[in-house]
Amino acid sequence: MLLESRSVSFSYGRRKVLDGVSFAIEGGDMMAILGRNGSGKTTLMRLLLGFLQPDDGDILIDGRDERGMSEREKAKAIAYIPQSTEMVYPYPVIDTVLMGRAPSLSIFERPGKGDEEKAENALSMLGIEHLRNRSVNELSGGERQLVMIARAMAQEARIILLDEPTASLDYSNQLLVMETMERLRTSGYAMLFSTHNPEQALMNATSVLVLSESRIAYSGSPEGLMDGSVLESLYSRRLCIKSIDTGENERIICIPR
Amino acid sequence: MKGSKASAIAILIILYALIFVLSFSIGRYPVHPVELMKILLSRILPIEQDWTPQAQSVVFCIRLPRIIASSLIGAGLSLSGLIFQMIFRNPMVSPDVLGTSTGAGFGASLALLWALPSFSIPILAFAGGMLAVLLVWRIASKVPSNQVLGLILGGIMISSLFQSGTSFIKLVADPEDELPAITYFLMGSLAGAGMDEVKLIIVPMVISAVPMIILSWRMNILSLPEEEAKSLGVDSKLLRGIAIASSSLMTASTVAVAGVIGWVGLVIPHITRMIVGPDARRTIPSSIILGAAFLTAVDTVSRSVSYSEIPIGILTSFIGAPFFLYLIIREGKKNAA
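Going down the list, the protein sequences come from chains A and B. Residues in the first sequence are numbered consecutively from 1, following this note's numbering. Residues in the second sequence are numbered consecutively from 258, following this note's numbering.
You can take every hint at face value.
Chain A side only, calculated, beta carbon under 10 angstroms to chain B, not exhaustive:
id: 1; residue: E86
id: 2; residue: P90
id: 3; residue: Y91
id: 4; residue: M99
id: 5; residue: R110
Below 20 angstroms or equal to it, Euclidean Cα-Cα: the simulated EDC-like pairs (lysine to aspartate or glutamate) are:
id: 6; chain 1: A; residue 1: K113; chain 2: A; residue 2: E156
id: 7; chain 1: A; residue 1: K76; chain 2: A; residue 2: E117
id: 8; chain 1: B; residue 1: K494; chain 2: A; residue 2: E71
id: 9; chain 1: B; residue 1: K494; chain 2: A; residue 2: E109
id: 10; chain 1: B; residue 1: K590; chain 2: A; residue 2: E86
id: 11; chain 1: A; residue 1: K76; chain 2: A; residue 2: D115
id: 12; chain 1: A; residue 1: K118; chain 2: A; residue 2: E156
id: 13; chain 1: A; residue 1: K16; chain 2: A; residue 2: D58
id: 14; chain 1: A; residue 1: K76; chain 2: A; residue 2: D65
id: 15; chain 1: B; residue 1: K591; chain 2: A; residue 2: E86
id: 16; chain 1: A; residue 1: K76; chain 2: A; residue 2: E116
id: 17; chain 1: B; residue 1: K262; chain 2: A; residue 2: E116
id: 18; chain 1: A; residue 1: K16; chain 2: A; residue 2: D56
id: 19; chain 1: A; residue 1: K242; chain 2: A; residue 2: E199
id: 20; chain 1: A; residue 1: K76; chain 2: A; residue 2: E4
id: 21; chain 1: A; residue 1: K76; chain 2: A; residue 2: D29
id: 22; chain 1: A; residue 1: K76; chain 2: B; residue 2: D492
id: 23; chain 1: A; residue 1: K113; chain 2: B; residue 2: D536
id: 24; chain 1: B; residue 1: K591; chain 2: A; residue 2: E138
id: 25; chain 1: A; residue 1: K76; chain 2: A; residue 2: D62
id: 26; chain 1: A; residue 1: K118; chain 2: B; residue 2: D536
id: 27; chain 1: A; residue 1: K76; chain 2: B; residue 2: E484
id: 28; chain 1: A; residue 1: K76; chain 2: B; residue 2: E485
id: 29; chain 1: B; residue 1: K399; chain 2: B; residue 2: E484
id: 30; chain 1: A; residue 1: K16; chain 2: A; residue 2: D55
id: 31; chain 1: A; residue 1: K76; chain 2: B; residue 2: E483
id: 32; chain 1: B; residue 1: K494; chain 2: A; residue 2: E73
id: 33; chain 1: B; residue 1: K590; chain 2: A; residue 2: E138
id: 34; chain 1: B; residue 1: K494; chain 2: B; residue 2: E483
id: 35; chain 1: B; residue 1: K399; chain 2: B; residue 2: E483
Derived by calculation from the structure, the hints in this document are not laboratory data. The C-beta atom is built at its ideal place from N, Cα and C for all residues, glycine as well.
Using the sequences and the accompanying hints, generate a full structural model.
Given below as structure tokens:
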């Protein structure tokens with residue numbers, strides 16, 4: 001397994017945020033984490049990235065206990081795309097993507113030709129080479145997320161963690177980012193993303209983890225959520241979840257009753 | 258794009274060279290550029306002496322040490338400002354942010370109050386500056402959840418404490434003798450800068466600038482949010498520690514020989530970024546050159562516009578304060594857009 005969480009528990013002081021969370025993902029998987037505000041989604045991300053240490057349980061990256069790994073080793077294995085990246089200084093896109101090469105370079109090294117090529121390749125694979133010299137701060141939200149994805153690709157980590165990747169994006173950019181994530185999944189990356197949109201989890205993920213009151217309320221395939229019971233109790237609303245045929249493909253909608 | 262930025266650095270070097278030569282030619286005993294070149298080259302080439310011994314003495318004993326000192330101090334203040342702005346992710350901070358300048362000013366004032374021998378002024382200035390940084394560091398470690406905020410707030414607190422300490426020293430100082438010396442020192446001036454001062458600061462300047470040049474690419478990553486930098490495998494604690502120690506040493510060194518010269522560390526990094534963009538691989542060398550050029554130019558003005566020399570700290574404030582206002586207005590417009 002590329003990334004595994006074994007009975008992970010974590011508390012902020014006396015408040016238990018996560019209790020016995022277990023799951024595992026492999027290359028080619030895309031796991032969605034659903035949960036209401038404060039359900040521990042972000043804490044779980046921070047634990048997986050090694051920013052926090054679990055009180056109990058273990059996190060294994062490619063079979064290795066994360067506690068025994070250096071920051072650089074972790075960064076070679078897991079790339080992280082935060083909800084929003086605010087750049088204080090207007091770095092051009094290419095320099096931002098090049099930063100993804102940091103884990104592969106020692107502290108005294110600077111990126112060389114090979115690293116620059118990897119950054120350029122990441123841009124062209126996502127079809128955003130035309131943004132190369134633009135400042136990241138001038139880009140639309142969707143373009144910026146694609147740049148962050150390009151940076152994750154330049155990082156050459158096989159696991160990509162995305163914290164609410166489509167939050168605050170317009171509908172078209174939401175679709176663009178989800179489609180890009182799907183392309184990365186099919187090319188072998190292990191993807192894990194948190195979201196407040198159940199439709200994204202049902203439609204794009206290969207597995208779903210539902211967190212409720214610090215515990216796992218559901219862990220399994222998106223199909224297992226189609227009867228609505230788990231999501232209805234999660235959001236305390238009656239929901240209608242339907243798979244519809246658009247004429248070109250099957251889509252899932254989740255709307256309140 | 259890369260080419261245009263590289264040529265921008267070349268232009269900055271030429272600008273510095275021009276200011277360097279002009280600075281010899283301006284002042285009470287002007288030295289003509291051709292004569293200057295001959296005098297300078299005579300040290301390495303067999304050139305027949307057709308200049309007066311006074312001109313030679315002005316070049317080697319008065320102007321050269323002062324120009325080297327102003328270049329080193331300008332470069333140091335500018336580089337430390339740039340580094341602080343990157344690691345605190347805030348373009349409005351300057352070397353004074355961690356209380357380094359005020360701590361060093363306090364140390365120097367103490368030496369002047371106790372009428373200690375002159376070599377002790379830089380030593381106490383160093384000690385004061387470094388003590389301020391260590392105290393701020395200690396305070397910030399009590400706020401592990403947001404160390405940058407801890408550092409900035411700790412800096413404000415320690416700065417104000419040392420400022421009060423300096424005010425107290427002024428209060429008890431002899432108004433005939435010590436008080437004017439302290440006041441003049443704190444205004445910032447290069448009037449007393451000679452080869453001894455250059456020797457005193459050149460080592461700490463080089464020791465602190467070299468790691469910044471070597472680590473320049475990584476400094477870019479430090480300007481990302483803390484967790485993002487960490488997720489890129491960067492040991493941000495170690496890097497930030499090196500950067501703070503280097504910048505503080507640079508700032509304390511400048512205060513030790515020239516007093517408190519404000520604004521350079523705020524203004525020059527901004528202009529540098531405007532010229533070469535934000536990449537630290539270019540901003541670090543550029544801010545060194547531009548800082549050196551700026552302070553040498555301002556120092557030339559400070560010693561030549563009036564009969565009695567104007568303390569350079571006053572002039573840098575006259576330039577820096579309006580520039581800061583311009584920045585505030587520009588930022589405001591950008592945010593409104």
